[in-house]
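**Student:** One letter stands for each residue in the lines below.
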Amino acid sequence: MFQKSSPKMMNNFIKVGIAFGLVLLMASCSNKRRPNYQYMPNMYEPVGYETYQGFNEDEVTRIALFKGVSEAMLPPDNTIPRGWMPYGLENTIEGKELSRLKTSPLDSLKSEANLAKGKELFNIYCAICHGPKGDGQGTLVKREKILGVPSYADAARDITVGSTYHVIYYGLNSMGSYAVQLNHEERWQVAEYVMKLKQDL
Amino acid sequence: MKKVTYRNQISRVLGVSLVVFLLFSISIFAQDGAVASGDPAKGKALFNQNCAACHALNRKMTGPALANVESRLNADEGLDREWIYAWVKNSPGVIKSGDDYANKVFNEYNQAPMTPFPTLSNDDIDNILAYTAAPPPEPVAASAAVAEGGEGGSSSTGISNEMILGALVIILGLLVMMLVLVQGTLKRIAVANGLDLEKAKSESGLPLWKAFAQNQFLVLVTVVILLLSGAYFVYGWMMQVGVDQGYEPIQEIHYSHKVHAGDNKIDCKYCHSSARVSKTSGIPSLNVCMNCHKSIYEYKGNPEGPSQEDLANGYTNEFYTGEIKKLYKAVGWDEENQSYTGESKPVEWIRIHNLPDLVYFNHSQHVSVAGIECQTCHGPVEEMEIMSQFAPLTMGWCINCHRETNVKVENNEYYAKIHEELSKKYGVEELTAAQMGGLECGKCHY
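First to last, the sequence lines map onto chains P and Z.
Residues in the first sequence are numbered from 1 upward in steps of one, following full-length UniProt numbering.
Residues in the second sequence are numbered from 1 upward in steps of one, following full-length UniProt numbering.
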């Protein structure tokens with residue numbers, strides 16, 4: 001039976017095959033693991049090197065400078081970001097003791113706005129462990145991912161606005177430094193808000 | 001089971017303490033026999049609350065491991081419980097008094113002072129020591145059973161899927177065979193009845209395609225339809241060139257947004273902090289990871305255990321723990337000594353959301369000024385195990401949102417006047433971004 005009608009059938013097979021192949025070819029272009037094609041790459045891609053730009057193998061070997069550095073790099077030595085203020089105290093036990101005496105340089109007349117901003121930042125960066133109320137019951141603590149987060153009202157620690165700033169700046173024991181995420185003013189705003197939480201506890 | 005053991009322990013402790021109380025009322029020398037007791041369950045709560053920030057039971061953290069600390073101190077250093085009381089309540093005092101072991105430990109752990117705990121009573125410390133000596137058993141058996149059950153379930157579904165497929169293939173094969181057989185039989189019947197198949201075919205006149213080719217109207221309509229549908233598909237294909245919607249590359253470290261932002265509810269801006277203040281939202285540097293992962297060294301999962309879906313994809317607790325180890329390797333964190341080795345290696349994250357160079361886009365303007373949720377453009381990131389591009393990021397998509405979104409004018413005194421004037425000009429209550437000039441070419445292309 002197959003032999004009889006073979007020429008016509010073969011023809012059909014070829015047609016179907018071609019259509020199928022075309023669909024496959026199109027589908028193979030849309031691989032979600034790879035970026036899509038672009039019309040005019042040299043209009044899309046920057047001339048200068050962009051933040052976190054990926055480099056293909058050729059480029060990495062061509063520009064030895066960028067070998068393995070498609071990540072955030074440290075700024076050159078002795079450069080400071082805009083708005084940077086020197087802190088003055090060192091990350092030592094003595095420095096921490098001295099920091100207790102520091103007071104907030106923020107304008108006390110704008111205290112309400114500062115506290116509002118401090119609250120917003122606190123809820124982003126601190127509340128995940130210290131809890132929105134500062135009682136040491138953040139989501140990560142409740143889920144037992146991080147343990148032993150003290151309450152701000154802990155008498156033995158007796159935190160002040162200055163020591164809070166110091167700990168945000170340098171970190172303490174298991175807590176890391178938040179100087180990267182918060183700038184000078186924001187750190188003081190958070191420290192002031194922490195003092196408010198301590199009072200309310 | 002667990003609760004029952006607790007109850008027993010509590011009642012035992014109560015009984016012992018009653019005896020102790022009675023003994024104590026008779027003679028103060030009985031105290032020595034009494035100190036051995038303590039409630040591990042209460043101790044666990046106290047330990048997690050006060051000690052766990054710096055101490056773990058079986059591994060070094062900021063301070064030394066505390067499993068069996070009392071017997072260890074007693075055997076190695078000859079220190080008794082009174083020393084521990086003094087140390088916990090006022091460690092700086094013990095160091096200052098010139099105690100040998102206190103100074104040794106203090107120096108061994110980078111002179112990190114231990115917070116004094118004057119609020120802990122001797123009973124509290126007894127409870128903590130009881131916990132360190134014999135922590136209540138973790139409910140390991142239950143979770144292991146769940147995991148086993150889960151794996152069994154997933155593999156059995158795998159087998160059943162294959163079986164269903166196999167059965168379908170067999171049924172298909174049978175159908176084809178039946179059809180062939182039926183055709184053969186029909187043909188034989190036709191031949192037997194004296195019908196000539198070939199003759200019948202040629203007698204029916206022109207073949208179908210010839211009849212079709214002769215009808216010019218039909219050919220014209222078909223050609224038009226083919227051209228239109230072809231143009232539709234070609235247009236669709238050309239429009240998606242340069243659009244990376246759904247792009248989800250494999251990253252060097254499997255970072256799960258689902259675990260971090262979904263399960264643990266960490267704010268997006270915790271890691272992407274520069275989205276508040278700068279043009280780029282930023283991929284966090286590894287020190288931000290280490291803020292938490294200094295303490296979180298293994299993935300323990302949700303209380304209910306990994307879901308079937310996660311297990312099917314191979315996202316077991318061990319898998320995630322392995323990814324944390326990759327982070328340690330990249331950042332150069334020595335887990336044994338709890339210190340940085342200084343040998344770091346960059347993680348080459350692959351950037352997913354990438355606007356062409358001819359467009360200016362600023363995150364802080366959208367996140368801080370407009371107060372738009374990250375999810376508006378990035379989709380339900382908190383549900384994504386593998387991050388993928390949610391929005392097309394085309395110009396039409398930008399423009400559409402600028403036309404539909406009202407500008408947040410409240411609490412913005414600085415622009416109050418211009419907002420008022422613009423509202424008057426357009427005769428509207430609420431201004432859209434487009435009415436503010438959000439469709440001007442020069443806003444984004446310059």
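Read the hints as simulated data drawn from the structure, not as lab findings.
Note that the structure is a prediction, hence the values are computed from the model and not measured.
One or more of the hints may lead you astray.
Calculated pairs, SDA-like style, for lysine to any residue (alpha carbon to alpha carbon, straight line, at most 20 Å) [to be verified]: (1) P/142 to Z/260; (2) P/32 to Z/240; (3) P/142 to Z/45; (4) Z/265 to P/132; (5) Z/60 to Z/240; (6) P/117 to Z/260; (7) Z/96 to P/157.
**Student:** Run the structure past the numbered hints and jot down the numbers of the failing ones, going up.
**Tutor:** Of the numbered hints given earlier, those the structure breaks are 5, 6, listed in rising order.
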